[in-house]
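Chemist: Residue-level listing of the chains:
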Amino acid sequence: MTRLPDDMRQFILNARVVSNTAAQAGHYLMSLRLPPDFETPLPGQFVMIRLKDRKDMLLARPFSVSGFERDAQGGRIEILYRIAGRGTRLFSQLDSGQNLDIAGPLGRPFEIPPDLKSLILVSGGVGVAPLRYLLAGLQTQRAMCAPRIDFYMGAKTADELPDPDAMRSLCDELRICTDDCTMGHPGRVTEPLEKVLESYSPTDTLICACGPPGMIRRLSEILVRHPIPCQVSLEERMACGIGACLGCAVAVRGQNGERLYQRVCREGPVFHLRDILWE
Amino acid sequence: MGIAQKNIAPNLTVEIGGLTLKNPVMAASGTFGYGEEYAPYLDLNRLGAIVVKGLSLEPRRGNPPPRIMETPCGMLNAVGLQNIGVQAFIRDKLPFLRRFDLPVVANIYSESLDEFPSVARILSDATGVHALEVNISCPNVKKGGVAFGTDPGMAGEVTRRVKDVTNLPVIVKLTPNVTDIAAIAESVEAAGADALSLINTITGMSVDVERRAPHLKNITGGLSGPAIKPVALRMVWQVVNRVAIPVIGLGGILTAADALEFLIVGARAVQVGTANFVNPMAIPEIVAGIESYLERHEMAHVHELIGSLKTR
Chain A
82 MTRLPDDMRQ FILNARVVSN TAAQAGHYLM SLRLPPDFET PLPGQFVMIR LKDRKDMLLA
142 RPFSVSGFER DAQGGRIEIL YRIAGRGTRL FSQLDSGQNL DIAGPLGRPF EIPPDLKSLI
202 LVSGGVGVAP LRYLLAGLQT QRAMCAPRID FYMGAKTADE LPDPDAMRSL CDELRICTDD
262 CTMGHPGRVT EPLEKVLESY SPTDTLICAC GPPGMIRRLS EILVRHPIPC QVSLEERMAC
322 GIGACLGCAV AVRGQNGERL YQRVCREGPV FHLRDILWE
Chain B
217 MGIAQKNIAP NLTVEIGGLT LKNPVMAASG TFGYGEEYAP YLDLNRLGAI VVKGLSLEPR
277 RGNPPPRIME TPCGMLNAVG LQNIGVQAFI RDKLPFLRRF DLPVVANIYS ESLDEFPSVA
337 RILSDATGVH ALEVNISCPN VKKGGVAFGT DPGMAGEVTR RVKDVTNLPV IVKLTPNVTD
397 IAAIAESVEA AGADALSLIN TITGMSVDVE RRAPHLKNIT GGLSGPAIKP VALRMVWQVV
457 NRVAIPVIGL GGILTAADAL EFLIVGARAV QVGTANFVNP MAIPEIVAGI ESYLERHEMA
517 HVHELIGSLK TR
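Going line by line, the protein sequences match chains A and B.
My numbering puts the first residue of the first sequence at 82, with every later residue one more than the last.
My numbering puts the first residue of the second sequence at 217, with every later residue one more than the last.
Excised from the complex, chain B in its bound form (with noise of 0.2 Å):
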């Protein structure tokens, strides 16, 4: 273990499922638009990856405002998954991606089983598309608006589904609505899944108390920010200790003291997400602080630090 010379900076190289990120830090879906909404503002290029907002077969305008709402360390979102459609993505935003050396992982949406692989094919050969981010947080419309990722078997559906027509790593994000998250992870590990990324928002609600009237025209919606981020914590734990494949820990990470817990937990990769809203310089702030955090503890690679959680 250590480093010698304190002038070799470590090496934050992570593998998931296959593809390669220059360090462990990722933009969470639906917090970073498709990229160019940032560009002014940082060097993309800093990114470990960029996950772009949810894409559907065809577009979706999403929900009536009001749509967020600030809660003590945190807010509460119901955009309802607003986005282009993937054609669009691919027509209009992938170009302006393919300039950067940047992996662009596309988080697909469905509210039917067999739309998934319908997307799942379009993207896959689309030119700068590197991995497929399957959000099986949506509800299954067939089985009664039931969310995919809160059962065992449709969770493990959706993924084989995917998995049979693509090459590219296909990441599975669970969502922690759920009463046992690790035999979630265990079945979609099983159907084939390269990752897993959790945590999805936590589903929460707010109201205004003098109108007596939810504060979200859609009355509930997904809890993100630093309140979430022991829950995170927890579940990525509990799941590191149950699946081989890797996981990438997210949950209300603002800073790089946040980031380290999650992979010192087991985490290979996090993503940021709703610190980006407040913070653009978020990420490359994070990885900065990872990389002085490795420097400071002697450690040559992430790798060391990553799964090194002393339980005793």
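Next up, chain A with everything else stripped away, as it sits in the complex (with noise of 0.2 Å):
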């Protein structure tokens, strides 16, 4: 309808959806066809999505990306959530073919330094969504200088799980946790990790964390004694995406310590989480 200069782009594009089925127990795991000008995402960045045309759901929801894959035709994404409310209930209803508006990649990524020996991914339920998408960019680009990587991955029953075998083929070490007792080490992902934090290197070990605030917050409690570098991606409810809205506040740490509030989609939504402050 109306063009944009050359120095800009389009927000919105169209997305295709090719697949979208039950991955695990509450959990869709979704590939949308995305046109050739869709950037490639870095690992920790999310993408926004929307159902065309639709008032009565008018915004649209932040989702990490969990895979994505460039070819000739353009681009795949996947995308694995959980159904969390109405939004994604309708999301799980799409059938392949249907189009959906999206945006992105957005948002800060995980950063890596080059020279680290050690990289630990701790996960709770959906959280491992960004952190999949992490441990395949490291698969392909990495292969010859990799990090170790041990990956604690935590759900509330075996039946959450995202596909455990093809993980553990992507790291050295898998270690499942399930609060239920059904698979793995019985209780929170966080406990067999802190039994084993002062085997690794603060200087050249790095945790890539995402989950339930709970799980976060407990991550920062065990890393007081042993302070090991930990990057987390950080959920909120969003409606623009690109910083205008201010709705996903989160409470940092300043400059002088003071409480400040920071915008997951553009400071985050990965966050060092030192900085990060608790109620």
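Check before you lean on any hint, since a few could be wrong.
Here are the computed lysine-lysine pairs in the DSBU-like style, where the Cα-Cα straight-line distance is at most 35 Å [claimed, not checked]:
hint	chain 1	residue 1	chain 2	residue 2
1	B	Lys379	A	Lys136
2	B	Lys526	A	Lys133
3	B	Lys309	B	Lys379
4	B	Lys379	B	Lys359
5	B	Lys358	A	Lys136
6	A	Lys133	B	Lys433
7	B	Lys379	B	Lys358
8	A	Lys237	B	Lys433
9	A	Lys237	A	Lys276
10	B	Lys309	B	Lys358
11	B	Lys526	B	Lys238
12	B	Lys309	B	Lys359
13	B	Lys358	B	Lys433
14	A	Lys276	A	Lys198
15	A	Lys133	B	Lys309
16	B	Lys309	A	Lys136
17	A	Lys136	B	Lys359
18	B	Lys358	A	Lys133
19	A	Lys237	A	Lys198
The hints are simulated quantities; they were obtained by calculation from the structure and are not laboratory data.
Join the two chains, each given in its own frame, into one complex according to the hints.
Modeler: Pasting the structure below:
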């Protein structure tokens, strides 16, 4: 309808559903076909997805990128999501061939230093989504000098774990934890990590984590004693995804230790755990 | 009426209290940041004006999250007027906006009567601010937190105090959370306001029934989006019939058809808010839609449309 000047880019692009299947209990994996001008996302970045022309459900929903492939026709993105409300329930009912509005990739990605010896991934529930893409990226790009990767993957129950066998092949060690003792370590994902934390050197280890607030908070507590740098991908409700609505606030420590709010969509979604302030 | 030559584009220019806009579609305060967030996605020169995020004398960190919740055909927000403060705006944000052919309206906010003129004075001395929009929906802390905008006397007093210290056009933004918005509008007009904008958000609430807790940390928030459009339109209609100064209509405008409704009812211009969150191109698309409507109805100037409502 209206054309953009050359130095600008179209915010909303069209995504076509390739597949949308139940991946595990209450979780879906959606694969979307993207046009060629969709930029390749960096691990940790997110996209905003919206059902077309809906006034009743007005806002797009933010999702971490959990997979991406570039091909001759454009790109294909994978979104792993949990049914959390009305919006995600409607997404779960989409069939292949249907079209959606997509914007992105948005936000600040994980930053993996080049000379890292160990990378620890920690996920709780659907928090595995961005780590899955991070893991895939590390396999393809840095095979020569890749760090050791230990993945601590937690879920409420074994049925909610996303294909552990596929994950196991991508890392050096996979430790599974379930709250209800149906698989792996019985209990919180931070417990087995805490036991071996001191075997990692804080100078050449990085933790990348994504999961529910309780898990992130527990991580911040166990890292007080043994301060391994930790990057966390956070989630918050958003309206715009580009920093205008100020809806997705997270409390962080300012330069002088004061409490201030940053935007998950712009300063995040990946933050340094040490900067996060808790209630 | 009408234009003979179809190849002449209709004139969309409107004037608001001495400020000329190239088209009647402005970006509403709090939905467009300070412009730079949207600059990668649309040409800011195409906006009728930008009303920047509400500014207070000192920076405000805003409310704790969760701050927003989607509701049917709309959303609730309780951002808490987070902003960088008027000085940082002038120093860090205004230079960017000066690069565009774009009227900049500074929205101002205060919880005390004495602070409003201070903020207004600082902005009036800055280069590149073209008008002030006064948010009177905020609570008057000295009067027990009653919003300035809910009392005709207080609303008038704020208007007078701001008018006393500035030569810029003063737009007063009215809250819909009142019994008789036209009475507030008359009081604000009598106090010297150059224009009115309405409506601000409607106070609302949403509850998570599983947790039996409010969705917003602040418990209540401001409802915006298409859900409030009929209310906004009714209030604009009531106000344009009672005041002589220009009225800027806003509340739930998503499409050109929505904007046309407000203009037909009598709004001199409109503001687009929540729609920007959904589609950064909303404003240019609405401008294009108004233009093609005027062409289709053979109107040479948007003035022919404004206030053209036929009630019989």
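Chemist: Work down the list of hints and note, for each, if the structure agrees.
Modeler: Going through the hints against the structure:
1. For the given pair, Lys379/B sits about 39 Å from Lys136/A by alpha-carbon distance, which is inconsistent with the 35 Å threshold.
2. Between Lys526/B and Lys133/A, the direct Cα distance comes to roughly 34 Å. Compliance with the 35 Å bound is thereby established for this hinted pair.
3. The straight-line distance between the Cα atoms of Lys309/B and Lys379/B is roughly 24 Å, inside the 35 Å bound, and the hint therefore holds.
4. With a CA separation close to 22 Å, the supplied pair Lys379/B and Lys359/B stays within the 35 Å bound.
5. For the hint linking Lys358/B to Lys136/A, the alpha-carbon distance of about 40 Å lies beyond 35 Å, and the restraint is violated.
6. About 30 Å separates the Cα atoms of Lys133/A and Lys433/B, which keeps this hinted pair within 35 Å; it holds.
7. The straight-line distance between the Cα atoms of Lys379/B and Lys358/B is roughly 21 Å, inside the 35 Å bound, and the hint therefore holds.
8. Pair hint Lys237/A plus Lys433/B holds up; C-alpha atoms about 26 Å apart against a cutoff of 35 Å.
9. Pair hint Lys237/A plus Lys276/A holds up; C-alpha atoms about 21 Å apart against a cutoff of 35 Å.
10. With a CA separation close to 31 Å, the supplied pair Lys309/B and Lys358/B stays within the 35 Å bound.
11. At most 35 Å may separate the alpha-carbon atoms for a hinted pair to count; Lys526/B and Lys238/B meet this at roughly 26 Å.
12. Distance check on the hinted pair: Lys309/B and Lys359/B sit about 33 Å apart at the alpha-carbon level, within 35 Å; holds.
13. Taking the CA atoms of Lys358/B and Lys433/B, the gap is near 25 Å; set against the 35 Å cutoff, the hint holds.
14. Between Lys276/A and Lys198/A the CA atoms are separated by roughly 19 Å; this keeps the pair inside 35 Å, and the hint holds.
15. Taken as a hint, the Lys133/A and Lys309/B pair is honoured in the structure, with Cα atoms around 34 Å apart against an allowance of 35 Å.
16. In summary, the hint linking Lys309/B to Lys136/A is supported, as the alpha carbons are separated by about 33 Å, within the 35 Å threshold.
17. The suggested pairing of Lys136/A with Lys359/B is violated, with an alpha-carbon distance near 39 Å, which exceeds 35 Å.
18. Our distance criterion of 35 Å between C-alpha atoms is broken by Lys358/B and Lys133/A, whose separation comes to about 47 Å.
19. Taking the CA atoms of Lys237/A and Lys198/A, the gap is about 30 Å. The hint holds against a cut of 35 Å.
Checked against the numbered hints listed earlier, the structure breaks hints 1, 5, 17 and 18; every other hint is satisfied.
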